[in-house]
Amino acid sequence: EKAQQHDETYYLWATAFFMAFNRLHGFRPELVSETVGVRAFHFIEQNLTTYYEMALMDKKEATTWARRMHLALKAYQELLRTVQEMDRSPEQAVRDSSQVIKSNIFYVMEYRELFLTLFRKFDETKQPRSFLRDLVETAHLFLRMLERFCRGRANLVVQSKRVRRKKKKKPHVAEAAAPPSAAELEQPW
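Numbering-wise (the working numbering), the sequence shown opens with residue 403 and increments by one.
A hint or two may mislead.
[Stated by the list, open to error] Capping the alpha-carbon separation at 30 angstroms, the derived lysine-lysine pairs in BS3-like fashion look like this:
id	residue 1	residue 2
1	Lys-461	Lys-523
2	Lys-528	Lys-462
3	Lys-461	Lys-528
4	Lys-504	Lys-523
5	Lys-462	Lys-523
[Claimed, not checked] Simulated restraints on C-beta separations:
id	residue 1	residue 2	range
6	Thr-465	Glu-493	39 to 49 angstroms
7	Thr-519	Ala-422	22 to 32 angstroms
8	Gln-494	Glu-463	43 to 53 angstroms
Hints are computed from structural coordinates only; laboratory data are not their basis.
Every residue, glycine too, gets a C-beta built ideally from N, C-alpha and C.
Using the sequences provided together with the hints, build the complete structure.
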């Protein structure tokens, strides 16, 4: 039961390890193709967000949640490096897959703002300096990939936050519910 509580941390560690191993020892995309995709980016981003929120709520276990955040960040970094390596592949199909993945992750606001949020909320008392170093490296990698992605395009459509407009205040119900006078009631007849 205890191992089931931390299944995603084991998954994150294994993902980062095997992707790095594959990338450094004769990159073969077919070995990691199942773990590279938009769903993997979404899963890791959701875990990063969850771990961050838990670190804020569970002050006693903040360092544990910070370690989990670091694992998720390393997995995210390896996903980005694997996608970057896919761009260098001699096979056109692999490069096309990389373009599809990048077009999906660069257009979603949550993926772009993830690093900004993590930088702003970094707490040196709870998170190690190695987390900050990995965060800087991952953000740099993400921005470099985004720059290369945008370089070949004439325009880039970016999803933005919707601005809510303030509604005009409605008159109070008490004022509108005043009973009509006898003359007003007789007019329609």
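Checklist entry - Out of the numbered hints, which ones does the structure contradict? => result none
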